[in-house]
Every structure is written in C-alpha cells, then in structure tokens.
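So the sequences go chain by chain: V and R.
Each residue of the first sequence is one higher than the last, beginning at 0 in numbering that gives the first Met the number 0.
Each residue of the second sequence is one higher than the last, beginning at 0 in numbering that gives the first Met the number 0.
Note that these hints are calculated values from the structure, not bench results.
Please read all numbers here as calculations on a predicted model, not as lab measurements.
Certain hints may be false.
As the list claims (entries may be wrong) - Distance windows between CB atoms, simulated:
#  : chain 1 : residue 1 : chain 2 : residue 2 : range
1  : V       : Gln287    : R       : Arg209    : 32 to 40 Å
2  : V       : Ala341    : R       : Ala123    : 47 to 55 Å
3  : R       : Asn85     : V       : Gln287    : 34 to 42 Å
4  : R       : Arg62     : V       : Ser312    : 19 to 27 Å
5  : R       : Ser12     : V       : Arg311    : 28 to 36 Å
6  : R       : Gly37     : V       : Pro21     : 44 to 52 Å
7  : R       : Arg133    : V       : Phe322    : 32 to 40 Å
8  : V       : Ile279    : R       : Asp139    : 28 to 36 Å
9  : R       : Arg133    : V       : Pro21     : 36 to 44 Å
10 : R       : Gly37     : V       : Ala29     : 41 to 49 Å
11 : V       : Pro21     : R       : Arg122    : 22 to 30 Å
12 : V       : Pro21     : R       : Glu130    : 44 to 52 Å
Backbone N, C-alpha and C fix where the C-beta goes; we use that ideal spot for every residue, glycine too.
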Amino acid sequence: MIRDFLGKRKIPLAWLLLTRQPLRILVAIAGISFAGILMFMQLGFRDGLFDASVTVHKLFDADLVLISPRSKSSISMSGFPRRRLVQAMAHKDVIGTTAINWNFLLWRNPENLSTRSILALGFEPNKPLLIDPNFEKKASSLKNKGRVLFDDLSRDEFGPISSWFNDGRLVETEVAGKRVRVSGIVSLGPSFGADGNLITSRETFLGLSPGNPPGSIEIGLVRVKNGSDIDNIVRTLNLSLPSDVRVLSLQSFIDFEKNYWRSSTSIGFIFTLGAAMGFIVGCVIVYQILYSDVSDHLPEYATLMAMGYNLRSLLGVVAREGFILSIMGYVPAYISGQALYALVRSSTKLPVEMSFSRAFIIFSLILFMCMGSAIAAMKKLADADPAEIF
Amino acid sequence: MRSSNTNTLKIFSLNHWYGQGQMRRQVLQSISMEIFPGEVVLLTGPSGCGKTTLLTLIGALRRVQDGDLKVFGTQLYGANRKIRQNLRKKIGMIFQGHNLLRCLSAEQNVQMGSDLLNGYSYRARRDQAREWLRAVGLKDHMSKLPHDLSGGQKQRVAIARALAAKPKLLLADEPTSALDSSTGREIVDLLKKLALEQSCSVLMVTHDPRILDVADRLLRMEDGQLLPSV
Numbered sequence: 000m001i002r003d004f005l006g007k008r009k010i011p012l013a014w015l016l017l018t019r020q021p022l023r024i025l026v027a028i029a030g031i032s033f034a035g036i037l038m039f040m041q042l043g044f045r046d047g048l049f050d051a052s053v054t055v056h057k058l059f060d061a062d063l064v065l066i067s068p069r070s071k072s073s074i075s076m077s078g079f080p081r082r083r084l085v086q087a088m089a090h091k092d093v094i095g096t097t098a099i100n101w102n103f104l105l106w107r108n109p110e111n112l113s114t115r116s117i118l119a120l121g122f123e124p125n126k127p128l129l130i131d132p133n134f135e136k137k138a139s140s141l142k143n144k145g146r147v148l149f150d151d152l153s154r155d156e157f158g159p160i161s162s163w164f165n166d167g168r169l170v171e172t173e174v175a176g177k178r179v180r181v182s183g184i185v186s187l188g189p190s191f192g193a194d195g196n197l198i199t200s201r202e203t204f205l206g207l208s209p210g211n212p213p214g215s216i217e218i219g220l221v222r223v224k225n226g227s228d229i230d231n232i233v234r235t236l237n238l239s240l241p242s243d244v245r246v247l248s249l250q251s252f253i254d255f256e257k258n259y260w261r262s263s264t265s266i267g268f269i270f271t272l273g274a275a276m277g278f279i280v281g282c283v284i285v286y287q288i289l290y291s292d293v294s295d296h297l298p299e300y301a302t303l304m305a306m307g308y309n310l311r312s313l314l315g316v317v318a319r320e321g322f323i324l325s326i327m328g329y330v331p332a333y334i335s336g337q338a339l340y341a342l343v344r345s346s347t348k349l350p351v352e353m354s355f356s357r358a359f360i361i362f363s364l365i366l367f368m369c370m371g372s373a374i375a376a377m378k379k380l381a382d383a384d385p386a387e388i389f
Numbered sequence: 000m001r002s003s004n005t006n007t008l009k010i011f012s013l014n015h016w017y018g019q020g021q022m023r024r025q026v027l028q029s030i031s032m033e034i035f036p037g038e039v040v041l042l043t044g045p046s047g048c049g050k051t052t053l054l055t056l057i058g059a060l061r062r063v064q065d066g067d068l069k070v071f072g073t074q075l076y077g078a079n080r081k082i083r084q085n086l087r088k089k090i091g092m093i094f095q096g097h098n099l100l101r102c103l104s105a106e107q108n109v110q111m112g113s114d115l116l117n118g119y120s121y122r123a124r125r126d127q128a129r130e131w132l133r134a135v136g137l138k139d140h141m142s143k144l145p146h147d148l149s150g151g152q153k154q155r156v157a158i159a160r161a162l163a164a165k166p167k168l169l170l171a172d173e174p175t176s177a178l179d180s181s182t183g184r185e186i187v188d189l190l191k192k193l194a195l196e197q198s199c200s201v202l203m204v205t206h207d208p209r210i211l212d213v214a215d216r217l218l219r220m221e222d223g224q225l226l227p228s229v
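Extracted from the complex, chain R is given alone in its bound form (with noise of 0.2 Å):
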C-alpha cells in the first residue's frame, strides 16, 4: 500500500447529520475512503443517498460534524472558515448545471479559475485561460457569453474553468446530466484526459450508466453507507 500522507483524500468514519433535534436525521454513515493521486473515482446511487452531501464535505463546503476527512493531508474536522476557504482553491468543481457567470464571456469565466493562482501577470494567466479553451476545443467560441453557447459547451467551460486553478482533486456532481448520450461521453473522456495530464484525482458522481468504464475504481452508496466495492 502506499503511504498514507501521499493520500489525495482520507475518510475515516465519517458520519453526517441534517435537521436538529427529532427531526434529526443522519445522512453519512461511518464513511471511510480513500483517493489517491492521478486516480478516477465514480461514485453512483440513488437519488437521496447522501453522495452530494459527501461531495460538499469533501469539497470544504460544510463543516465536518463527526469523522476524519483529510484533504492534501489538511484535517477538515474541527478546520475554521480561513484554512476551508483556502483548501477550496485547491479543488476544481464541477456543477450539474455549469453555473458560469453569465456576464463573462467564455475566456472570462475561465480567467476566473486562473485568477486565483498567484504570481502570474494578467496576461499570463489570460493566455493560459485561452490555452484551456483550446485544449476542450473551444477556441472559436472564446469571446462568447454562456448564453451564446450550446449545453455541452458550456459544460467544456466549466471543466477548463475548474482546471485553470491548477486543483489536484477535481470534484464533479453529474456533469453529464444535462447532456445528450453522446456530449455527454465526450464531455467525461475529454475530463479524464485533461486530468490525468496534470495528474489530478477525480471524484465524480453519477447516474449515468453509460459514463461508468471511465472510472479506476467504482464506489456505490445507499442509505448513507458505502456498499463493499464489487
């Protein structure tokens, strides 16, 4: 086995609750995982079971109410608001719907993502914003506003907007939902691709049974708990 601090992520006994008092109800039960660098997780199950919740927890969203869950060896149980929002810009994110910014036009959105790294000058991180574009066959739709694109592309800016921050961990929650069978096939080869080039994890969930083969490992969950892997 591979030594534990080289763990992309680490969850041990992760327990998860919503509501208070009687109508307290847990979501997460006794969780425990692992992900290591350069690895492709997909994570399915029925609607309600908790998966997005665990994505959030994983994604330094919510506050870890019971449990270990390491990220980059950083604790999360018990981590303040500063070293949560410091840890998010480490993971990319990838949404179901694309939620771009609708003001910004394609190049924009990813120099979003770009911005966010420090010591580059503007025009570096503007031409690495293109060089994404590119790189998910956008480039002759870089000065359009979302509006003006089609779902799938929009969906190909999300993923170079979620990778223009460099992130070692890329979170994504059904980003082939909204798409077609064949975008969205495109869609999930083209993240895999990219990712693995910067040897960067991914956790990703879904319903889509034909998306499955892409994954290195696949995690099943019902009712809060993680099914042993088949």
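Just chain V, same shape as in the assembly (with noise of 0.2 Å):
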C-alpha cells in the first residue's frame, strides 16, 4: 500500500501552483470564506429564527397539545373552551391537563418607564407547565395574585429586571396598566415573534386582560401514560372532541409553528436567497481565479502536454487547485462563523448555533462551488497546443 502510494507520488503541481503565488490564493481564500461566511450567516439565521419560534414549545410538560383551528402561529392564537381539556381528561390515558392563555400585553420598563409587548403566558401553578425541574418552586410563588416570573434571556429593552431582582431588589413594574411584582426568573428565550416572555397565574393574567372570557384558553397541555401510543391518542381525541378544538402531539405542535415562519412568511425565502447569493458570488471569485490561473500558466501546461503528461493528469491538476481552495477557504470561513454566532446569540439571543448538518451542507457547497468552477477553467486547458510552443 505504502510502497505503491510512494511509487505513484509525485511533485505536486497544484499546490506549488496555488502557494507560489501568495497573492492570488490570498483573494481566493478571502473570496471563498466571504461566501462561505456568508452562507453560514444566512442559513444560520434562518434556522435560528425557526428554533427561535419554538424555545418556548420546546420547554412545555406534555404529550399532546390542544390549540384551535383558527390558531395560525405563536402570534396569533385564538382561544377555545377550556371544558376541551376537561372533556380530554375523559380518555383513559390521559393523565393530566394544563390550561394555558397566551397573549401579548404590554409591559412597562421599571429603569425608563417605556412600554413594550411582551408575550404572557397564564396557567394554574398547581399544574406542570415546563420540564424544567426547578420550575414548580418558582411557579407556587405565583399562587399569589400579582406576581409574575419574568424571562431573562428576554430583550434587554424590557429593563434590568433579573440583575435587579437577583440584587435582592423589589422589582415592580405595570403589565396592561396594572401593578405586578417579580416573584421569579425563568430562562425561555425571545422568538421572532416575541421579544420577552413572563409567566404567571390564569388569575393574575385574566386581571391583566379583563377582555379575556374566562372559561377561554388559547392552549391546553396534556399528558399521557408513559408508554403509550400518542398517534393513536391524538386521532381518537380529534375524533370524540368537538370541531372547535384541535389536538396535536408536541411534536406536531413545533413543527405547526416552525411551518407558520417557514412557509407563511418570507423569512426562509430571503435567508436561502441570501445563502444563494453568497454561493454564486463565491463561483463567480472562484471560477476567475482559477481561470486566470490555467491561463497565466498555458504555455507551461503545453510544454507538459509536449513532454508526455496527458490530458487528464492536467485535469487532475486544475480539480486537485479547486479541491485545495475548498479546504482553505472552507476552514478560515468555519472559524468566522463560530465567532460570528457567538456575537449574534450575545447580541440578538436568538439561539444560533453552529450545527453539523449546516457545517456539513455548506463544506458540500463550498466543495461543489470549487469544483464546479475547476471544471468550467478545465475548458480553457484545451487551448494548450503543445504544437504552439516550438
């Protein structure tokens, strides 16, 4: 193996040709990783807006989801009866129920005194409502009326609550007009939709917003038996429930509101367009680099031609350039985006995270871009007339 990998090596041509000029592989690094920097922001917003749309559905306690048909996104929530979770409860394995209402009030900054929607989740604090294990305590603060659990990772226009509140701070502010107390800090994360989040009590929230009817709601959780068939669950609830409810798995719930921001709305179709953009502005640097390239140097692939190199290990030569630009453009542009998501999840709190697939998705288009763009410089190598060169 080694030995017939020795006998085969040879001086290799395409990286002597790319590093012997240091200014040229430059651009061509610097193009490259702009496009694939590029790519990686694009497509790392538009998969950070659409996790962003669901960080709080991601958290909630439950099985099933009930919703309303009318409801169309996270944004726009109708209410149903609440007696759907009651009636729900009737089947044999459901074993628990939360009632949620979901609106967005307006919410007082206490440091400026400036207002700003925030989204209010309202629920019974004697029922489970996230997964997360220290969330009963904080919740069974809020079985007074009044008190709300503010959301820290929210926009830091809401006000400097959580550093105040864990000062040891009486923190007070007005939610729709009406005096409420920090009782607690949750971490939930914004949305597009939603700048902040605060939870508190059905109570407190139906005193926020007395237009609410009270035997509304605009979500309702419910959780099963360990261990059984959810599908099955949710057909034979959409089947014995009446029409003016809807009932989805957790997971088909998600995606109901990932699907509302990628298909309802152009954010998908301008990131993508964006991605598409830098990928073509990408072949565009590459494909005159490595054009210029195999022209710069035809009289030297003529004089290979003359002393007995074929065609093909000169093709060889212009794929192996477009191979090593991918590698070299592709990691500078990795490094990039790792900083560059780093900057957004500190400065916009959207969960931007560098995933392998994306990692993985634009390594494939960096390489295609270099390659296919080898393969259109290939076309000038047929110039190469060793005949001319005498």
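Assembly of the complex is requested from the two constituent chains, each provided in isolation within its own frame, with the hints serving as guidance.
Here it is in structure tokens:
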C-alpha cells in the first residue's frame, strides 16, 4: 500500500501552483471564505429564527397539545373553551392537563418607563407547565395574585429585571397598566414574534387582560401515561372532541409553529436567497481565479503535454487546485462562522448554533462551488496546444 | 547499411500543409531522412522553411497528413492521440525559450521529467533529478526558482529535465538562440556529451553557425525541402 503510494507520488503541482502565488491564493481564500461566511450567516439566521420561534414550545411539559383550529401561529392564537381539556381527561390514558392563556401584553420598563409588547403565559400554578425541575418551586410563588416570573433571556429593552431581582431588590412594574411584582426568574428565550416572555397565574393573567373570557384558553397541555400510543390518542381525541379544538402531538405543535414561519412568511425565502447569493459570488470568484490561473500557465501546461503528460493528468491538476481552495476557504469560513454565531447569540439572544448538518451542507456547497468552477476552467486547458510552443 | 528496425527515426516522403482551401500552403515537400541511434544531426535553413514544423511532427505534437513517419518503429501516420501521447514520453524536448514551470524550483522542474518514469519511488526520482542537475553543473542552484536563474542556467535545467525522462531521441529547437556565444557553445557541448552517454540521438534545429561542428551530420532545408547533403 505505502510502497504503491510512494511509487505514484509526484511533485504536488497543484499545491505549488497555488502557493507560489501568495497574492492570488489570498484573494481566492478571502473570496471563498466570504461566500462561506455569508452562507453560514444566512442559513444560521434562518434556522436560528425557526428554532427561536419554538423555544417556549420545546420546554412545555406535555405529550399532546390542544389549540383552536383558527390559531395560525404563536403570534395569532385564538381561544377555545377550557371545557375541552376536561373532556380530554375522559380518555383513559390521559393523566393530566394544564390550561394556558397566551397573549401579548404591554410591559413597562421600570427603569425608563417605556412600554413594549411582551408575551404573557397564564396557567394554574399547581399544574405542571415546563419540564424544568426547578420550575415548580418558582411557580408556587405565583399563587399570590399580581406575581409574575420574568424571562431573563428577554431583550434588554424590557429593563434590567433579572439583575435587579438577583440583587435582592423588589422589582415592581406595570403590565397592561396594572401593578405586578416579579417573584422569580426563568430562562425561556425570545423568538421572532416575541421579544420577551413572562409567566403568571391564570388568575393574574385574566386580571391583566379583562377582555379575555374566563372560560377560554389558547393552549391546552395534555400528559398521557408513559408508553401510550400518542398518535392513536391524537386520532381518538380529534374524533371525540368537537371541531372547535384541534389535538396535536407536541412534536406536530412544534412543527406547526416552525412551518408557519417557514411557509407563511418570507423569512425562509429571504435567507435562502441570501445564502444563494453567497454561493453565486463564491462561484464567480473561484472561477475567475482558476480561469486566470490556467490562462497564465497555458504555455507551461502545453510544455507538460509536449513532455508526455496526458490531458487527464493536467485536468487532475486543475481539479486538485479546486479541492485545495475549497479546504483552504472553508476552514476560515467555519471559524468566522462560529465567532459570528457567538456574537449573534450575545447580541440578539437568538439560538443560532453551529449544527453539524449545516457545517456539512456548507462544506458540500463550497466543494461543489470549487469543483464546478474547476471544471469550467478546465475548458481553457483545451487551448493548450503543444505544437504551438516551439 | 544498418537494418531499418534499429532506426531511431525514419521518414519517407513526408508532406505537410497549413491552411484550408485556397489558403492551403505546402510547408513540407517529400521529406525523407533517417537518424540512427547515438547520432547528432543538425538541421539548418532560413526561417520559415519548415524546420519547426518537421520537429513538431517528429515530436508527435501534430497529426501527420501524408507520408511515412516512424519513431522507434512506431508509425505516426494515422496514429491516434494515445499512441502519440505515449510516444512523447520517450522523446525529450528542449525549446527555444526554456519553458520551465515558473512555480517549481530547478530540482522540481527536473523531477517533472523523471516523474514520467514508472516503477521508481519518489525518493529515487528525486535523487535522479539531483543527479541530473549535478551533471549539468547546477548542484548549488537546486532549490532556486527559474526566476532566480540566468538564461544559461535555465537552459541547463531544461536539458536536465529533457534527459531525466530517459529519452532515446532528443529534439532541440534553437536551444542557443537566447544565449551569448560562449554560453551557447557550453550548452551544446554539454547536450552532446550527455546525450551520447545515454546513447540518445539528437536532432537539433539551429541558425547558429558557431555550433555546426558538433554535428555528426548536417541537414539543410529550404522551402520545405531537404537539400542533398554536402
């Protein structure tokens, strides 16, 4: 094996052609990295926004979710009768339910007194809501009226609530014009629709938004026995409950929300288009670099052909140049991508993470971009005529 | 006479034209010649008489249009690309400009020649390349780029590169034209010495009257025809 490899080893012409022209390779790396960073950013934002739209959904302690069939997404939830949850309890596998009110209310920043819309969740504090094991203790404080839990991942515009709270200060402010007191801090995360979140009891929630009919809720969480067939329960409940309610598994509820942002808004299109622009810019740059490289070295390629190198081995040189460029361009793009994701996370609090699949997809795109450009540049090699160099 | 199958090169009634239709112009007219192993043959003649065309035909760089052209017994008339490509590996070429690869050092340029040989390890091919550079007197310039070498040194590297592939026929097109007279003389002597050590035949096109005496045989060409030897 190794002997065979040593026997085949040749002068690394592709590598030397590139590295002996530092300026050209720097331009190429900068161009490819730029295209890569653009794709990392655009696709990262896109996925981050989709993920952010379900940060709260993912934390729900539920197997099934009841919503109104008129609800389109978390920013336009409609109500349905709370009685449906009681009816769902009739199913033999259902072991518990939680009624949730879900609406946007105006929050006053206690520091500069400006107001801003915040997503408020109202539930019965003696029922489970989130899977976080520490949540139950915090929730018990909500049994007093006028208490709220504030999401410390909310955007800074809502005020320095968590730092004040952790300093031991009494944090009081107004929500929808009524006084509330922060009695705890939770970590949920903002989404595209909601800049911040607060959790309170249904009683407080209804006091804050008196227009809401007390018998109406926006979301019903349903928990079932371990090991039950969730799809089957979803089907049975959808058949047995009236048509003013829709039963989904938790995963379909998450998909329902993501799907809204994906298909009913332009986010997906805009960011995918942005990534496509990056891809095209990259293609043009790599093609230019490889094409001018082949043109500049045409007499040398012709000399090699005259010496007895066949066209295929010369095409191999161009292909290897493309491959080397893709690796050299990808590494800085990946590193800058990680750095920019960290920057985005700290400044927008969106959950933009480097996922393996995105890293792989972008590597494949860069590889495709470089190899495609190499193939296009190879056409120029046909102009290398060894008979012309004498 | 030696038997025909030991000929390095045998040409019989070779014709060649450039252009199409009314523009068609004959550049070679019934050329016939032979070169035997170890012979050094010089080809002279005014520019435009077809010397370089003949060289590119022998070097399998052009398709033969009419006539017999055999190199090492391989008929080039009607030969496909693969045959011509394989033949080129056995023919060394030295060009008017040195045509070295700019991005490779002297040693790497020569190794591009020895890389064409099968069955040697990378190390062995590199050692051969160094050996050739020593033979052409460039042992202190192995890692220099062509850019940093003088014209004579570049042409020496080109000779080393051509010989590194162990050819049995060396084609040289005015190898001294870019050099001053004493350097040109040195290069041609070196070329002859090394070629003979390898029992490699040499066909050299030249204008340079100062080097005619290295030839075993002198061929003169005019208007696409070989003149009878003097």
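Range hint 28 to 36 Å (beta carbons of isoleucine 279 of chain V and aspartate 139 of chain R) holds or violated: 50 Å, violated
34 to 42 Å as the expected CB spacing between glutamine 287 of chain V and asparagine 85 of chain R, which holds or is violated: 35 Å Cβ-Cβ, so the 34 to 42 Å window holds.
Assessment of proposed distance window 32 to 40 Å (beta carbons of glutamine 287 of chain V, arginine 209 of chain R): 47 Å, violated
Range agreement (Cβ of phenylalanine 322 of chain V with Cβ of arginine 133 of chain R, hint 32 to 40 Å): Roughly 36 Å apart at Cβ, these two residues keep to the hinted range, so it holds.
Status of the given 44 to 52 Å range, CB of glutamate 130 of chain R versus CB of proline 21 of chain V: Given a distance of about 32 Å, which is not inside 44 to 52 Å, the answer is violated.
CB-CB spacing for proline 21 of chain V and glycine 37 of chain R relative to the 44 to 52 Å hint: The hint (44 to 52 Å, Cβ to Cβ) holds, given that glycine 37 of chain R and proline 21 of chain V are roughly 46 Å apart.
C-beta pair glycine 37 of chain R, alanine 29 of chain V: status relative to the range 41 to 49 Å that was hinted: 56 Å, violated
Satisfaction of the hinted span 47 to 55 Å by the C-beta atoms belonging to alanine 341 of chain V and alanine 123 of chain R: Between alanine 341 of chain V and alanine 123 of chain R, where Cβ atoms are some 51 Å apart, the hint holds.
Range hint compliance [Cβ, proline 21 of chain V to arginine 122 of chain R, 22 to 30 Å]: 29 Å, holds
Range hint compliance [Cβ, arginine 133 of chain R to proline 21 of chain V, 36 to 44 Å]: Violated, since arginine 133 of chain R and proline 21 of chain V (Cβ atoms, about 31 Å apart) do not stay within the stated range.
Serine 12 of chain R paired with arginine 311 of chain V, Cβ distance criterion 28 to 36 Å: 35 Å, holds
Cβ separation of arginine 62 of chain R and serine 312 of chain V, checked against the hinted range 19 to 27 Å: 21 Å, holds
Comparing the model with each earlier hint shows violations of hints 1, 8, 9, 10, 12; every other hint is respected.
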